[in-house]
Structures are given as structure tokens and as C-alpha cells.
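Number of protein chains: 2
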Amino acid sequence: MGEEFVSDKEMKCLSLIPGWYSDVSSMWPGEMISHKIEKMLFKGKSKYQDIMVFQSSTYGKIIVLDEIIQHTERDECAYVEMVVHLPLASIPNPKKVLIIGGGMGFTLREVLRYSSVEKVDLVEIDEMVIDVSRKYLPEIAKGYEDPRATLYIEDGNAFVKNAAPGTYDVIIVDSSDPVGPSQFFFEKPFFEAVSKALRPGGVYITQGESAWLFLDVIKKLVEDCNKFFKGSVNYAWTNVPSFPSGAIGFVICSTEGPPVDFINPINKVDVDIISTNSESPLKYYNSKVHAAAFALPTFAEKVLFPKK
Amino acid sequence: MGEEFVSDKEMKCLSLIPGWYSDVSSMWPGEMISHKIEKMLFKGKSKYQDIMVFQSSTYGKIIVLDEIIQHTERDECAYVEMVVHLPLASIPNPKKVLIIGGGMGFTLREVLRYSSVEKVDLVEIDEMVIDVSRKYLPEIAKGYEDPRATLYIEDGNAFVKNAAPGTYDVIIVDSSDPVGPSQFFFEKPFFEAVSKALRPGGVYITQGESAWLFLDVIKKLVEDCNKFFKGSVNYAWTNVPSFPSGAIGFVICSTEGPPVDFINPINKVDVDIISTNSESPLKYYNSKVHAAAFALPTFAEKVLFPKK
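These protein sequence lines are chains A and B, in that order. Quick note on numbering: the first sequence equals residues 3 to 310 in the numbering used here. Quick note on numbering: the second sequence equals residues 3 to 310 in the numbering used here.
It is possible that part of the hints are untrue.
Identical copies look the same in the list; a pair holds intra-copy or inter-copy alike.
To be verified - Lysine to aspartate or glutamate pairs mimicking EDC-like chemistry, simulated, CA-CA at most 16 Å apart:
| hint | residue 1 | residue 2 |
| --- | --- | --- |
| 1 | 222 | 189 |
| 2 | 221 | 52 |
| 3 | 98 | 129 |
| 4 | 98 | 123 |
| 5 | 229 | 148 |
| 6 | 63 | 120 |
| 7 | 229 | 123 |
| 8 | 309 | 272 |
| 9 | 45 | 147 |
| 10 | 270 | 123 |
| 11 | 304 | 272 |
| 12 | 137 | 194 |
| 13 | 121 | 141 |
| 14 | 137 | 25 |
| 15 | 98 | 218 |
| 16 | 45 | 258 |
| 17 | 221 | 156 |
| 18 | 38 | 25 |
| 19 | 163 | 120 |
| 20 | 121 | 147 |
| 21 | 47 | 69 |
| 22 | 41 | 225 |
| 23 | 47 | 123 |
| 24 | 41 | 194 |
Hint data in this document are derived by calculation from the structure and do not stem from the laboratory.
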């Protein structure tokens, strides 16, 4: 499980307010979100990044990679359900899904809800992320036991480039920010490879940052994706309390082929049905929230889609 | 302008991290948002509350009442435009508007955008709030110079109870949280008075807290409003980075009379038009965002509107 490790920066964050963890980053200067630590569960350093899990006093377990919060048990639904159901609810009978990153298993859990799904490949470069999840989030990690799921401990960038053309219905990039191990997932060669690995009319979604903080980055993402995804390129967003600015977006695209109507999802998820018909019902996502996610604040719409 | 005053709690917040302001409250234990202070502009204590204005390093000027952030220049659009245009865009030709609270002048600025508006009464109990706004936010406070606006330094609760029945097209409660001077605005006698002061088919909107943090409070608000607003009672929400959980909601109701379609606003605000036809265009609101605001996360929809 790697040795106990506390980086200089982590020490600085932890010691800003004794007993609290603060999400400090030069990516969002001048603002930070902090959570009270109930109990530190794990601090380690893998080949790729610092990994930390702590029990917070009001957000459940919190997972931190390279000093940035990735998930909290309390609000992971707002990110995880959206990044999975925005693409999978938009096409009929999704069967083959590729997840890049997401080693904790949150997105895998959501993909496996679909009875039409036959095969899920999950490619995570950092084995320690999976080990930590199995130990501290066993309910989440149990998706790995599903016979439809295959785990690859590999570089997602290379995996996609080697994939047979037209293999997947949906490719989900559930990565950290475009610094460190995830930077390649935000560059043109990767988009091109993703577009080839998808079937015609297939769907790609990537974590797409917050429009409050990274509008320029998102604008470039949208422009670059326009070069390779000839079906459509869109931006949606959701409110995640523990993320900087309380929001995160998604760039969601389709390849040329059968058109995909992202605004009016083909697989309807009605609040009443999901609240009664499942042992672990959805907490955040429903078809109304799906459609609403594409309504962008004016300041973002003007920059990202000036001619729409 | 009142004497310089620093409360114990304020000192505690300010000193948590030297040079930063942290929004600490027992209302959202275990989490807090912090902003780096560039320059402290004002700290005072009025008859009703502590008032603070500081220049932050990345969110512009920040206004704090009783140690809770009320507005930042960077993201006020996400709250202010929504609390005003959700009601005013939903009825034809709004003419008479009452604002309770909102002494800084943000909501007044937005209401005055409507050429149909003939009369705006703004009732603020705390004169120091207005004085501070005039000094530190003169661009915002200039709405008070508009001949359509009348300012009353009074208790909003009493003002509404004394209003002639059927006076207003829209009543906006732009208050702080339901503790301290604003608590009466979240109780049944006030809702009854508001419903009487509105014309038939008139619209009431109030700051309605975050569903992540106060679902029980919101549920009671919705239930209580159902007793007095016989047109409809709804909940909408918006993403405000500087507010706890990055979100704030609104309870928005109509009285019996001409039906109001809140989801499909009658006064359309198209992104293209507002980005070119105004000297100070809207930053956040547009008709798509308006409709999307009523799409609630499943966990909130199930509790607030279980039979819908």
C-alpha cells in the first residue's frame, strides 16, 4: 500500500487550520474550501501522486489526490451520476463502455446499473487508487467483482490509441485536472484517438472543469473537440459543493453517425420510478436535471457557443 | 456610519488563517469557504448586525453581514439576477414591485431594468447597509436615484402587514438567513401578509437556502407557503460559488388568479440579444437557465414535492 508520506504542501494545507483539510491550489487562487477532519484514514504516495482518505465531520469519507478533493461520500452523486448518465441515458442500449481513470470505482458502479451494458473496460494507471478504494470504500469498489467489468492497470492514453476502431458506445474520462498524470487527456491526439475508438454515433464525455474558474481552458477544449467529434460538441454542468466554485462541467460529444439528442435523453429516468424501484436509488440524476445541465449561464454560453 | 467594531466571532474567523476571511457558521458545521483579503474596507456594527466589506484577492468586493457572506462582486449575478428575473420574467408587464431587505441595492438594480416597472418600494430595516453600499458600491447603490424607487427604512414585516391588499405584482424577499433580523420572513404570519399584499396572480419569491444543507427548513417553507399561495408553490435554485455548498435556492409562489407559468417565462431573455443590446448586459440569467432552475436533484425533489 505504499509508505506513509506527507508532502510539504499537504502539511501546509493540513496545518492552515488545525484539524481541518483545505483545498488550496494555485489553480483557484484566493479561495478555498475546507472540511473538518474527524479521522485521518490513509496518507500515501504512489508512483504517480499523493493519495489521502479521511473521515470528515460532515461530508463522510473524502478522497484527495495531489492535494485536490476528488470525491466526498456526501456529494459524489452530483458528479458521478451526471458523468455517467448524461452519456448513457442519451443513446439506446449502451453495451460497451470504456472508463479512463475513475479507479476508485464510482463511475463503474453507475455504468453497471444499465442492464444493456455487456462490457466495461476501466483503465486506471495508478493501482494504489484501486487498493485504497477496496480497503476504505468497499461498497464502491465492489463493481470490480461484476463479470462485465475488466480492469486494466495501464496508461489510458496508450490504451485508447491501441483500441480497435469503432469498439465503444461510450467513453468516459473520469480524470483529475489537466495537470499531472491527467494532462494528456485534455490534448488533441487523445481526442482523435477517442473519436476513432467510438462507434459512429458514439458518445465521449470528459470532466470539463468549472466555467467560473477555467472558461478559457473549456473554450479550448470545446474548440479542439470540434475538430474530431463531428456529431456534436456540448458543455453541461452540475453543482458539487466540495469542488472549487461549487460547480463542475463536462464536455460531451458524439461522433458522426446516428444523431444523439443530448438535451432530451432517450432513456428516461423519472424521479418517482427511481425512488421506489431500486435498492440503491439515484440520489441526484433524473431526466429533468439531465436537460437542465445544458442550460449555461450567460457568461459561459457567450464564450463557449457564441453563434448558437 | 457607526463605530469600528470587531466581534469575538469575527476575530476568530479572521484569525483562522492570517489574511483570509472564513465563512464559519454552526449552520454548516464541518465545512467552510475562505477568501483571501486584499484590503479591509469597512467593519462596523449597526443596531441590527455586524457589517463588513473587504476587497478580496479574486472575488472583488465581498459584503459580510453577521459573519456570513451576502454578496461578492464576482458572483452576485448568479443570485441577484435569478431572484429578480425568475419572478419578473414570469408575468406580463410587471409594474409594482416590493423588495424586502436588499438594502445594498443589487436587487433594485435588476428590477429597474424592466421598462414596464413604474414603482419599486424597497424596505430595509438597517440604514447602515445602505450607507455602506453608497460609499463602497456606488455603482450598485445608484438605483436609489431612480425616480421609480422609494426607500423605506422600516421593518419589512410590519410594512407588508400594513400594505393595502392587492398592491404589488411582485414581492421579493432578499434577506439573510432565518436567524437574527430576518427570522420573521420565514414564518406563516408573514406569508399570509405577503399573499394579501399581492394582486391576484402576483408572484412572491424568497431566498430559500440550499437543498444540500437545509432540506428540512425548505420543506417546511414549501408546506407553509402552500397554505397561503393558492396559485402555485415552487422551488428553484442556482449555483453561487461563494455561498455554502455552492448553491442557493428560492421558494417562488403565485397567488390565486391568472395562472403563472414559471417554467416557461413569458418575458424571454435570449443570450444573443442581451449580449449585444445593453450597456450592462446580464451575466448569468437567460430563459434557458430560468427553466433549468426548476429541475431539482432527485434527493430534493423527493422530499419537497413527493407527489409530483
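Against the structure, the hints come out as follows:
In this assembly of identical chains, the alpha carbons of residue 222 and residue 189 lie at most 16 Å apart only when taken from the same copy (10 Å versus 49 Å across copies). In this assembly of identical chains, residue 221 and residue 52 lie within 16 Å of each other by CA distance neither inside one copy nor across copies; the values are 29 Å within and 41 Å between. Proximity of residue 98 and residue 129 under a CA criterion of 16 Å is satisfied in neither setting, with 23 Å inside one chain copy and 63 Å between copies. Taking the shortest Cα distances, residue 98 and residue 123 sit within 16 Å of each other inside one copy (8 Å), while across copies they are farther apart (60 Å).
Proximity of residue 229 and residue 148 under a CA criterion of 16 Å is satisfied in neither setting, with 36 Å inside one chain copy and 50 Å between copies. Proximity of residue 63 and residue 120 under a CA criterion of 16 Å is satisfied in neither setting, with 31 Å inside one chain copy and 53 Å between copies. In this assembly of identical chains, residue 229 and residue 123 lie within 16 Å of each other by CA distance neither inside one copy nor across copies; the values are 26 Å within and 53 Å between. Proximity of residue 309 to residue 272 under the C-alpha cut-off of 16 Å is restricted to the inter-copy arrangement: shortest distance 12 Å between copies versus 33 Å within a copy.
For the identical chains of this complex, residue 45 and residue 147 are neighbours neither inside a copy (26 Å) nor across copies (58 Å), given an alpha-carbon limit of 16 Å. Taking identical chains as interchangeable, the C-alpha atoms of residue 270 and residue 123 are never at most 16 Å apart, the minima being 25 Å within one chain and 45 Å between chains. Proximity of residue 304 and residue 272 under a CA criterion of 16 Å is satisfied inter-copy only: 11 Å between copies versus 31 Å inside one chain copy. Taking the closest pair of Cα atoms, residue 137 and residue 194 never come within 16 Å of each other, the shortest separation being 36 Å inside a single copy and 54 Å across copies.
Neither within a single protomer nor between protomers do residue 121 and residue 141 lie at most 16 Å apart by alpha-carbon distance, with minima of 20 Å and 58 Å respectively. Taking the shortest Cα distances, residue 137 and residue 25 never come within 16 Å of each other, neither inside one copy (24 Å) nor across copies (34 Å). In the homo-oligomer, the alpha carbons of residue 98 and residue 218 never lie at most 16 Å apart, since the shortest distance is 33 Å inside one protomer and 41 Å across protomers. Taking the shortest alpha-carbon separations for residue 45 and residue 258, neither the intra-copy value of 45 Å nor the inter-copy value of 59 Å comes in at or below 16 Å.
For a Cα distance limit of 16 Å, the shortest separation of residue 221 from residue 156 qualifies neither inside one copy, at 29 Å, nor across copies, at 47 Å. In this assembly of identical chains, the alpha carbons of residue 38 and residue 25 lie at most 16 Å apart whether taken from the same copy (12 Å) or from different copies (13 Å). Taking the shortest Cα distances, residue 163 and residue 120 never come within 16 Å of each other, neither inside one copy (22 Å) nor across copies (63 Å). Within a single copy, residue 121 and residue 147 get their C-alpha atoms as close as 13 Å, which meets the 16 Å cut-off; across copies the closest is 65 Å, which misses it.
Taking identical chains as interchangeable, the C-alpha atoms of residue 47 and residue 69 lie at most 16 Å apart only when both belong to the same chain, with a minimum of 11 Å there against 38 Å between chains. Within a single copy, residue 41 and residue 225 get their C-alpha atoms no closer than 44 Å, and across copies no closer than 38 Å, so neither meets the 16 Å cut-off. Neither within a single protomer nor between protomers do residue 47 and residue 123 lie at most 16 Å apart by alpha-carbon distance, with minima of 25 Å and 60 Å respectively. Within a single copy, residue 41 and residue 194 get their C-alpha atoms no closer than 44 Å, and across copies no closer than 47 Å, so neither meets the 16 Å cut-off.
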